[in-house]
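Letter by letter, the chains look like this.
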Amino acid sequence: MNDLGTAATLALGLIAEADATLAQIVGLSLRVSLIAVAIAAAVGLPLGALLAVARFPGRHAIVVALNALMGLPPVVAGLLIYLLLSRSGPLGHLGLLFTPTAMIIAQAVLIAPIIAALARQALEALWEEYAEQLRSFGAGTARAVPTLLWDGRFALLTVLLAGFGRASAEVGAVMVVGGNIEGFTRVMTTAIALETSKGDLPLALALGIVLMAVVLAVNALAQAVRELAARRGA
Amino acid sequence: MRQEATALPLRAEGLRFAAGGVEILHGLDFSLVAGAPTVILGPNGAGKSVLLRVLHGLLEPTGGTLRWSLPAEAAQRRQAMVFQRPVMLRRSVLANALYPLRLAGLPEAEAAARAALDRVGMAALADRPARKLSGGEQQRLALARAWALAPEILFLDEPTAALDPAATRQVEEIIGAIAASGTKVVMTTHHLGQARRLAGDVMLLLGGMLNAQGPAERFFAAPPTAEAAAFLRGDLVW
Ligand SMILES: Nc1ncnc2c1ncn2[C@@H]1O[C@H](COP(=O)(O)OP(=O)(O)OP(=O)(O)O)[C@@H](O)[C@H]1O
Ligand SMILES: [Mg+2]
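First to last, the protein sequences are chains A and B. Residues 1 to 234 (UniProt numbering) are what the first sequence spells out, left to right. Residues 1 to 238 (UniProt numbering) are what the second sequence spells out, left to right.
Looking at chain A on its own, in the form it has when it is part of the complex:
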């Protein structure tokens, strides 16, 4: 109990003085997850919209696959990227393994299906409402997709926040491809996992508090987006 009290005091101290190690780890975590979300969104949002609008052979299979991939365990995503990037792998010559870039790729692969699947769900309801009117206006699929992405913007923003929450909280993928190298690929979740077992409770606890704050902030933002959307009638 006393241990915990001391650790908590030290942890709050680290946060209060914006300890350099802590700040570096938090900064890398946010950078990796934000870039991963951006990449996953660039692929997942148009894909989700296309699946909501277009009817083509193989569509159903893609939808089923995406829904299955939503539950992909992070360590498995990490393992797949590890195999691709390892020295003997097809992309081994790029030398990306155990770099932040590899971590970004792994997280992007992990959350792109989530973003695509959630975007499809959100936009399918919108499309049901819009389809006839847009056809009446003479809009084909190529015009309907950007229209849905814009008109579904509030719902899609919460989808992106869900993706970011998932990325910033996962351990497995970044651990496998990043290797938790101090000062280079160490992020909040991997640091917590390792520092705890090594006994550096204050750092682990400080990171835990920051991570909780990030997750809370993401949820508060999602709530704010939903309220704004309700006010705008979207």
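Worth flagging that the hints you see were computed from the coordinates, not collected in a lab. Fair warning: this is a prediction, and the values are worked out from it, not measured in the lab. Glycine included, each C-beta is placed from N, C-alpha and C at the ideal position. Treat the hints with caution; some may be incorrect.
[Said to hold, decoys possible] A short, non-exhaustive set of chain A residues, derived as facing chain B with CB atoms under 7 Å:
#1 Glu-132
#2 Ser-136
#3 Ala-139
#4 Asp-151
#5 Arg-232
#6 Gly-233
#7 Ala-234
Guided by the hints, dock chain B with the ligands onto chain A, whose structure is given.
Below, chain B with the ligands without anything else, positioned relative to chain A:
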């Protein structure tokens, strides 16, 4: 948008539509010509909305022919439709009016959209979110959005279904102005008074069949069929 070649007249022969093994339109014969509005009357479920969708090209006829005076695709581009439940894009009033204009690649889209809002008395609401408008305002916006395209033919599905008397009168005035501007209005309604005020000619649809059609004046003065007479008296049992 209005050039020399016109989509009208339209000639429908033996027009049929079936969905899910059930036939909804049972072989309709009629023509649509330019001029005063054509009003389609008929009880709930008669097939009025389906007929408008078939005419507008949203549903493929399953039998008979639908002959416009232009190739079908060109004819479709000269039409607009306002649905029974108007679809409001999740954007501002102005952006709603702009959307189809931009899509059609029309020049001076913003000026045209603003002018259309002005014509229906909604210029002051241009920046409001469209989905927060009242039902009557949404209906007027939907009309302005369609009117801005200056279509040759405008299909209106029960344009005053959920409106109070004042909003109904506003919408009727707008429809009158659209018709006066040279657009052929083809509309459905359950308001017989509205049909009398607006119709140039009338089609009575009963159970997916065309029971009667003709110039409005004659239709109301001397209903051509027993069913039409009963329908106008309000005691048609179907
Ligand atoms: N896509 C569809 N598939 C199957 N049946 C349909 C479809 N669309 C309409 N129907 C049926 O066709 C019939 C005519 O429908 P429609 O909507 O045209 O009626 P309506 O004359 O417009 O009625 P209302 O006055 O209530 O609007 C109804 O029985 C309806 O259930
Ligand atoms: Mg109807």
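Now the hints, each set against the structure:
no., hint, verdict
1, Glu-132, "6 Å, holds"
2, Ser-136, "5 Å, holds"
3, Ala-139, "6 Å, holds"
4, Asp-151, "4 Å, holds"
5, Arg-232, "5 Å, holds"
6, Gly-233, "3 Å, holds"
7, Ala-234, "4 Å, holds"
Of the hints listed earlier, there is not a single one the structure fails to meet.
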